[in-house]
Amino acid sequence: MHFSRRRKGITDYRKRLALLKSGIPRAVVRFTNSKIMIQITEFANQGDKVLASATSNDLAGMGWKNSKKNIPAAYLSG
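Residue numbers (this note's numbering): 2 to 79.
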């Protein structure tokens, strides 16, 4: 199905294209069952280029003993 994400209201392709054309790096947040990954990405013709990356697993090295899959962990990872 073509543009099913548009029909479901998940993606606004007009805003997405404007963001990609602007050249401003964007934050991408991915949630898994055990951690949160945050990446700063930049558009490139060959594919997105990751400028910086952090995961909630990095918090363990800084003394974080709580869950790595909650809002405080996401805030600290960012």
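I should point out that these hints are in silico values taken from the structure, not numbers from a laboratory.
Honestly, I wouldn't trust all of these hints.
What the hints assert, rightly or not - Derived lysine to aspartate or glutamate pairs resembling EDC-like cross-links, with alpha carbons at most 20 Å apart:
no., residue 1, residue 2
1, Lys16, Asp49
2, Lys16, Glu43
3, Lys69, Asp59
Here is what the structure says about each hint:
| no. | hint | result |
| --- | --- | --- |
| 1 | Lys16 with Asp49 | holds (17 Å) |
| 2 | Lys16 with Glu43 | holds (16 Å) |
| 3 | Lys69 with Asp59 | holds (9 Å) |
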